[in-house]
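A.B. asks: Here are the chains, one letter per residue:
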Amino acid sequence: MNEQLILPSAKYKHKVGYLGISLFVVVAVCIYLKYNPFLIFADFTPIQRLLGEMLPPNFSVLWQPTIGKAIAQTGSAAFLATFYGCLIAFVLAFLTAANTMPLRFIRLLVGGFLSLLRIVPPLVCILIFIIAVGLGAFSGMLALIVITVGMFGRLFTDIIENTEHSAADAIYSVGASRLQVIRYAILPQIIPSFIANCLYAFDVNIRVAISLGIFGGGGIGYALYMAMQVLHYQDAFALICLIIIMILLIEKTSDYFRTMILGKEKLR
Amino acid sequence: MTINDFSPKRYYKLVLPTVGLLALIKLTAWVCGAGFDKLGKGLLQGISFVKIMFPPDWSAFPEMLEPALQSIAIAFIATVLGTLLAVVFAIAAASNLTNPIIRNITRFLIGLERSLPEIIILLILIAGYGLGVFSGIVALSLGCVGMLGKLLGDIIEEIDHTMIESLEAVGANKLQVIWFGVIPQIVPNLVSLALFRFEINIRLSIILGAVGAGGIGYELDTSFGLLQFHRGLTAVLVILVMVVGAEQLSHFIRNKIKLKGALK
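Each protein sequence line maps, in turn, to chains R and W. Read in the working numbering, the first sequence has 124 at position 124, and its numbers run on one by one without any break. Start counting at 1 in the second sequence, then tack on 1000, and there's your number in the working numbering.
Going by beta-carbon spacing under 8 angstroms, a handful of chain R positions derived as facing chain W:
id, residue
1, Ala77
2, Ile131
3, Val133
4, Leu248
Far from chain W, some chain R residues (derived; all Cβ distances over 10 angstroms):
id, residue
5, Thr100
6, Glu164
7, Asp255
Derived DSS-like pairs: lysine-lysine, alpha-carbon spacing no greater than 30 angstroms straight-line:
id, chain 1, residue 1, chain 2, residue 2
8, R, Lys252, W, Lys1150
9, R, Lys252, W, Lys1013
10, W, Lys1256, R, Lys11
11, R, Lys15, W, Lys1256
12, W, Lys1026, W, Lys1013
13, R, Lys252, R, Lys69
14, W, Lys1041, W, Lys1026
15, R, Lys15, W, Lys1150
16, R, Lys69, W, Lys1041
No lab work stands behind these hints: they were computed from the structure. As the structure is a computational prediction, the values presented were derived from the model and not from experiment. All C-beta atoms, glycine included, are put in the ideal place defined by N, C-alpha and C.
Let's have the full structure, built from the sequences with the hints guiding it.
C.D. replies: Pasting the structure below:
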């Protein structure tokens, strides 16, 4: 065997160098945070203790009327936020898309507004809305609307800009007004993916609604937080099971309808 | 087109869904206690509140730097370790590398994790390990595993199979197949997904911080809780810079990777 082949090649040295540097950075950050990544594998006692306290789950808590109301609040906050958020995002998307809005100034203005909404952290949103309208599901819903508009405004804009141009050109050439072009050339092309995205938005919003509930947005997240705070771990475990089932059910339903809509219209 | 051309007959199919939707909106609005009059009053209050928040308290800025660095470090370490763990899960979840039983169990675990928001995982971990950085990092890493495990698993299932077969033909064992046949094929996707997850983790680390994982989110929450709104606004500005910076960095690196991939 030739000894020349055994020597490490330049490429290999490069790779080892990069790997060494990244490893060094990771270890340095770990030390800075005083974080031991192997602790979770080495020390099971806290989780064991917790599981001992959580099992068996106390499912009788689920029959309380407050829990039923909390679920209804989370669901309706997510639904309303999806509806209004998608509606606002839809309108703003037409103002941002290059093929529906001729004025560059308005395009930039609305586009900048959408980017601003996208980067505002959800936490800041909910804190401001809680001060504005008080604790409860309403403030959670308003924060969710802002998040939905930020997330889906850009997406809808891309969808509108990616539509087939020939249909719009054809209608425009026979003398249709701008609104008529939107109604008869662009709207039929984007409606299926718009509805599919609304369903997806609902799926996302349910999760975010639960998270925001913890900060005072009301609903099931708040109920779980309270149960955790007063150390009723058995109740909390029952609520966690309920949340998992709820989210899985909604995800499957939304997936089913989405494939139905997009599959039927042969659009993807 | 005038109003006379508008025939209701064409739209009769829409009437029932519209009425149903309106009824549902009314019902859900009642459940939420939502209303436009309340919103109008609240918006005025909110705007006056935002006015109170200005100007930001710049003297608190140096105090914000350390928590911000901590938040970034939490997101970074959670992304790195979570991605490494996600690769293991993805390999176990790919049908062309493992047997069906392990694959289904892994997919079930990943699905279970994905259905729990990170903040609830954090609450459970806080109950077990107490408040602090540790719970936050583990919660974010698990979120990483849930998202990247599924995406990478799907990517591994679609990779070029000839490479694996040729490695097996010359007598490579399972580990060698994975190291020389699978990993090189998924690395570009892996890096871009990890960067995308890093953006999400930066946002999440702020939210988790408010619950008690430390970092800038905690500063923000306590400033609002203590009614120190000028200080809170400083935290908000630092957070905005952090989020935008992470986004730009991830875009920049992803574009670079894309260009490299195109040249190859």
